[in-house]
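Q: Input sequences plus hints: build the corresponding full structure.
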Amino acid sequence: DTAVSQTPKYLVTQMGNDKSIKCEQNLGHDTMYWYKQDSKKFLKIMFSYNNKELIINETVPNRFSPKSPDKAHLNLHINSLELGDSAVYFCASSQEAQGTGGYTFGSGTRLTVV
Amino acid sequence: GESVGLHLPTLSVQEGDNSIINCAYSNSASDYFIWYKQESGKGPQFIIDIRSNMDKRQGQRVTVLLNKTVKHLSLQIAATQPGDSAVYFCAENIYTGKLIFGQGTTLQVKP
Numbered sequence: 004d005t006a007v008s009q010t011p012k013y014l015v016t017q018m019g020n021d022k023s024i025k026c027e028q029n030l031g032h033d034t035m036y037w038y039k040q041d042s043k044k045f046l047k048i049m050f051s052y053n054n055k056e057l058i059i060n061e062t063v064p065n066r067f068s069p070k071s072p073d074k075a076h077l078n079l080h081i082n083s084l085e086l087g088d089s090a091v092y093f094c095a096s097s098q099e100a101q102g103t104g105g106y107t108f109g110s111g112t113r114l115t116v117v
Numbered sequence: 003g004e005s006v007g008l009h010l011p012t013l014s015v016q017e018g019d020n021s022i023i024n025c026a027y028s029n030s031a032s033d034y035f036i037w038y039k040q041e042s043g044k045g046p047q048f049i050i051d052i053r054s055n056m057d058k059r060q061g062q063r064v065t066v067l068l069n070k071t072v073k074h075l076s077l078q079i080a081a082t083q084p085g086d087s088a089v090y091f092c093a094e095n096i097y098t099g100k101l102i103f104g105q106g107t108t109l110q111v112k113p
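Just so you know, the sequences run in chain order A and B.
Under the numbering used here, think of the first position of the first sequence as 4, with each following residue one higher.
Under the numbering used here, think of the first position of the second sequence as 3, with each following residue one higher.
Please keep in mind that the hints were generated in silico from the structure rather than gathered at the bench.
Please note that the accuracy of each hint is not assured.
Said to hold, decoys possible - Only some residues are given here: those of chain A computed to face chain B with a beta carbon under 8 Å: (1) LYS44; (2) PHE45; (3) LEU46; (4) MET49; (5) PHE50; (6) ILE59; (7) PHE93; (8) GLY105; (9) TYR106; (10) GLY109; (11) SER110; (12) GLY111.
Stated by the list, open to error - From the structure, some residues in chain A lie toward chain B, with a derived Cβ separation under 10 Å: (13) TYR38; (14) LYS43; (15) LYS70; (16) CYS94.
Unchecked claim - Listed next, the in silico DSS-like pairs over lysine-lysine satisfying Cα-Cα at most 25 Å (straight line): (17) LYS43/A - LYS100/B; (18) LYS112/B - LYS12/A; (19) LYS70/B - LYS22/A.
Fair warning: this is a prediction, and the values are worked out from it, not measured in the lab.
Every residue, glycine too, gets a C-beta built ideally from N, C-alpha and C.
A: Below, the structure written as structure tokens:
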């Protein structure tokens, strides 16, 4: 059983398109996150949700919109894709909003904008 | 600003030797620290954590040391194995639950 699953694993799309990445966790965790990993492997938080409520919203272009239909799902929609959006996007979850106990990460979605 | 840094981008060790990966953090208010391992094509995997009221914590073949005076964190891996080859990240968790990651150190294990 995959604890945190993301789809798709790979996404290649043209500039200007709109795309979504889906994430689901079956751990019963209350908090979910989106992280972006750039080409230099640097991981930076984008958003976090606790029980469907947005609690962290980093300085991310408003072309990025997270949506949490329930506490087991956190999707990421990206409008008007740009070349600079190319990266690996990781979904993660944790039992508590404080993140203690560690995060469980998905295997990532590699987004390539051409 | 927020930053967590690692001293070396790449560490190469012989199989069987001990590895030490270092990390410096900048936020003295951070109260919880985590080490993650990321293998190629996978997401970061939790290794070990430590709270700020501790200075050492041991797991299976891994030890994390925390020096709050100089804001330094290290991960020691005993008897390094080829399967330990990966990128290692330290991360600090401030009270908002925001995990701030360092740049990562690539550990290469030579047979």
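Q: Next, verify each hint and record whether it holds.
A: The hints, checked one at a time:
Because the closest C-beta pair between LYS44/A and chain B is about 5 Å apart, less than 8 Å, the hint holds. Among the interface hints, the one on PHE45/A holds; its C-beta lies about 6 Å from the nearest C-beta in chain B, closer than the 8 Å criterion. The beta carbon of LEU46/A comes within 4 Å of a beta carbon in chain B, closer than 8 Å, and the hint placing it at the interface holds. Residue-level restraint check for MET49/A is violated (minimum Cβ-Cβ distance to chain B is 11 Å; threshold 8 Å).
Taking 8 Å as the C-beta cut-off, the interface hint given for PHE50/A is violated, the closest approach to chain B being about 11 Å. Checking ILE59/A against chain B: minimum C-beta separation of about 6 Å stays under 8 Å; hint holds. Checking PHE93/A against chain B: minimum C-beta separation of about 5 Å stays under 8 Å; hint holds. Contact between GLY105/A and chain B, as hinted, is supported at the beta carbon level, the nearest pair being about 4 Å apart and thus within 8 Å.
This hint holds: TYR106/A has a C-beta 6 Å from the nearest C-beta of chain B, less than the 8 Å allowed. Taking 8 Å as the C-beta contact cut-off toward chain B, the hint placing GLY109/A at the interface holds, the least distance being around 5 Å. A least Cβ separation of about 5 Å between SER110/A and chain B falls short of the 8 Å threshold, and the interface hint therefore holds. Hint status for GLY111/A: holds, given a least beta-carbon distance of 5 Å to chain B, under 8 Å.
The closest approach between the C-beta of TYR38/A and any C-beta of chain B is roughly 8 Å, which is under the 10 Å cut-off, so the hint is satisfied. Among the interface hints, the one on LYS43/A holds; its C-beta lies about 7 Å from the nearest C-beta in chain B, closer than the 10 Å criterion. At a threshold of 10 Å, the smallest CB-CB gap from LYS70/A to chain B is about 20 Å, leaving the interface hint violated. With a cut of 10 Å, the hint placing CYS94/A at the interface with chain B holds, because the nearest CB-to-CB distance is about 8 Å.
Between LYS43/A and LYS100/B, the direct Cα distance comes to roughly 20 Å. Compliance with the 25 Å bound is thereby established for this hinted pair. Distance hint between LYS112/B and LYS12/A is unfulfilled; the C-alpha atoms sit about 31 Å from each other, more than 25 Å. Between LYS70/B and LYS22/A the CA atoms are separated by roughly 43 Å; this puts the pair beyond 25 Å, and the hint is violated.
Hint violations for this structure: numbers 4, 5, 15, 18, 19, all remaining hints satisfied.
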